[in-house]
Amino acid sequence: MSELYHVIESQQFTLELLDELYEMADELDPERSYKFLNDKTFFLLFYEPSTRTRVSFQMAMHKLGGSSFMTENAFKFSSVAKGESLEDTIRYYCGMFDLIVLRHPDNNSSQDAVSVATKPIINGGSGSHQHPTQALLDLYTIRCEIGRQDNLDVVMIGDPKYSRTIRSLCYLLSKYPGNHITFLSPDSLKMGQDIKEHLTKHQISFDEFSFLNHEVLSKADVIYVTRIQTDRVPEDADRQHTIDNLLADAEPFILKPEHLDWFKKDSIIMHPMPIQKGQNRELQIDPETDERCVWIEQANDYGLRARMALLLKILNG
Amino acid sequence: MSELYHVIESQQFTLELLDELYEMADELDPERSYKFLNDKTFFLLFYEPSTRTRVSFQMAMHKLGGSSFMTENAFKFSSVAKGESLEDTIRYYCGMFDLIVLRHPDNNSSQDAVSVATKPIINGGSGSHQHPTQALLDLYTIRCEIGRQDNLDVVMIGDPKYSRTIRSLCYLLSKYPGNHITFLSPDSLKMGQDIKEHLTKHQISFDEFSFLNHEVLSKADVIYVTRIQTDRVPEDADRQHTIDNLLADAEPFILKPEHLDWFKKDSIIMHPMPIQKGQNRELQIDPETDERCVWIEQANDYGLRARMALLLKILNG
Amino acid sequence: MSELYHVIESQQFTLELLDELYEMADELDPERSYKFLNDKTFFLLFYEPSTRTRVSFQMAMHKLGGSSFMTENAFKFSSVAKGESLEDTIRYYCGMFDLIVLRHPDNNSSQDAVSVATKPIINGGSGSHQHPTQALLDLYTIRCEIGRQDNLDVVMIGDPKYSRTIRSLCYLLSKYPGNHITFLSPDSLKMGQDIKEHLTKHQISFDEFSFLNHEVLSKADVIYVTRIQTDRVPEDADRQHTIDNLLADAEPFILKPEHLDWFKKDSIIMHPMPIQKGQNRELQIDPETDERCVWIEQANDYGLRARMALLLKILNG
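Chains as they are written, first to last, in my numbering: chain A, 936 to 1252; chain R, 936 to 1252; chain U, 936 to 1252.
Please note: incorrect hints may appear among the correct ones.
Since the list gives no way to pick one copy over another, a pair counts as held whenever it fits inside one copy or between any two copies.
To be verified - For lysine to any residue, the following SDA-like pairs were computed, each having C-alpha atoms within a straight-line distance of at most 25 Å:
hint : residue 1 : residue 2
1    : 1125      : 1047
2    : 1054      : 1225
3    : 970       : 997
4    : 1212      : 1051
5    : 1125      : 941
6    : 1136      : 1115
7    : 1131      : 937
8    : 1191      : 1147
9    : 1125      : 1115
10   : 975       : 1177
11   : 975       : 997
12   : 1212      : 1046
13   : 1131      : 961
FYI, nobody ran anything at the bench for these hints, they're computed from the structure.
Given only the sequences and the hints, what does the whole structure look like? Please build it.
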């Protein structure tokens, strides 16, 4: 059996560990209540908004019998508001809880936390850098829906540049042979050089196109759509202008009901959510209308199982 | 037995259902801890501040053995802050929880939620439109304190125009024969035409006066006081001026200790709370000074029993 | 056995009660889960940010078997946002919970709450006035680490003027014979006259110096460092200027690794936390580097035990 303590970057998961976690996830039933973690507690230390990650972790802990404590906005409601360092906050919470889930806008926040941590830290989203538990559930969704993690044709649409979920998923996909990744995005939001180099180094072929490529999409096993991360645009004088330009650039990449005909019968459409509302909505298909739309299950059942397995592995060995 | 799933508007409750809920509320003892809902969970999705509704639902769930999860400010701390639609949020939470309580500033929010919901939605306050569970506990308070729900003389003071609790209670009172409602408010805050038409249609007589009518108050079984909803005044250039005018208009409707002599011995004074603090305080009587003041019990014991009954009915049939 | 109901000011604790609480704290094991308060609930009513106090109370209640409910920001998310008075809020919560922990910026907030409370109120921090449960755990830390509460040489560094934890601890230390207190602070942050008079009245000798006095520090049993409470500086035109001046004044009082040589072998360094981050950090020693650094244990284990004892005493007699 593999060891697991901190969860910081998706590339840290070994094939053996992924298999073990996914087999645990298969076994766990979110409809049941377990007592595995009955005396365990964890703290959800969130410096950024969250709908799914926080609730999914809370529910996973609840289903396993453990107890969760949290702050919804550590910048405002914790001593950070009085100028406390992340390290001091982590030092304290490590003395109180068995595990900490951290979401923070700084790319290096999880590493900073680990430097003083005496309990496991799970990265629940670090800036535009990584979101390893999202990648874990994304790949679990693919495994359950497609039936394999290798030899996949994966198309990622929208914002490869700033989407931490795309970055983290690329690291996982690069562990399996035969996967091919295509990025469809405006030029202004192309995937960063570091991920491209990582893919090349791991012999994962990839393409990129600056239009909604029909041919590519018609061969895809997985169509992975992401939101344009306008909230990552710096707060400067040009902010609204930059955002308007990004959204205009991204408009040709909006996925609409008419595109459903392009996709293979046994493909799946994923989205890490949230989806932008209104006219800039990047995924304009109702999930109830086509069974290839799996993003609600991705967030719900698959997300819950994957996080239950992760917590159980870390806290129960 | 009646069926109950979504709770959106108070007019949806049938007489049979109200009787059933109130008999359950009579039986339930908030001092005890039950296990009826041991494996059930719900989510409190609040987009507006709440003291009583959120806590009362949480405690009701706790007393019945279930578990509650929540956000205190969905606008700031959930993916709404990243531009997610209410429908997408509801889609997700329905996959995770057995029931959702929604408080939202839009009048149509609960209907919008229901349109995609796969689990029961309870309206915990929708704009200035409805607050059906408040009406449920208000009528339960009357039933327990006065001993009946019909042939009541009910006086509603303050802000019939914007008070969603007055609106929701009017719908309930109109279901029983012989009730008479009097609205005492400044001309600027008169009850809307839709409720008046509803009362007329259901043969419920009503009056309105723009002063604190001594004769009316001396005959009242129930004196129901409400806050001037200055937070509903639009955020425009005239806002403070509009608020000042409203408060000046409402000043003659402030209830003071000297008015206690006007009221019948067996009447009750209710208030959905919160009460405005300071010089504009619309109810300047200390609840400890007169046993006809029931607004603390209304919020506490009666509120808890009514919500326990409601959750039990929906989740346990 | 002593009686304990409201906890408002640290001077209210008698020697007998302190002994009883500390003996309970010694007995309680935070690693275990108890069932003493299985049917008890409390509400954490916080109007100011908190990292440790809120979480420590929550965990203490959890370990004893009770349930906690809370708001992270009562100004924004409760009916205070609609203009409700603290008294009305307290009236309501007293009907719902067995105990209320209140943190509020007003110095008199706890007294105001007690005036209408029908359940025990614990002051979780009142403006710059008092923080009695912090003093309780501070003295417990000293008792456990030094082995006594009397004949102590205690040096308090930083901001005696605005630090409610220093004030509350002075009240406790003045109950035991032979204690000597030295305040080291800039002239702008000297201890208030009321505490000095209290110490004199209770025959507790004290000194004050406006520099980091080597001789004083080399004799100290307890070195108690505090943050400059810049958040207490009024929001006026001069605010930033006032803060800059305070921080400049306080710069010579920063404790650095080279000062460790000054301190006695069996002394302890305490801090109520949070510690300011960045260049103005008042305590620049890493707690992992010297076993005399006890501020993490102070907040964690000692804090948890002291608060568990307090809750148990109030709710279980």
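Q | Indices of hints not satisfied (ascending) | A | Violated hints (numbers, rising): 1, 5, 7, 10 and 13; every other hint is consistent with the structure.
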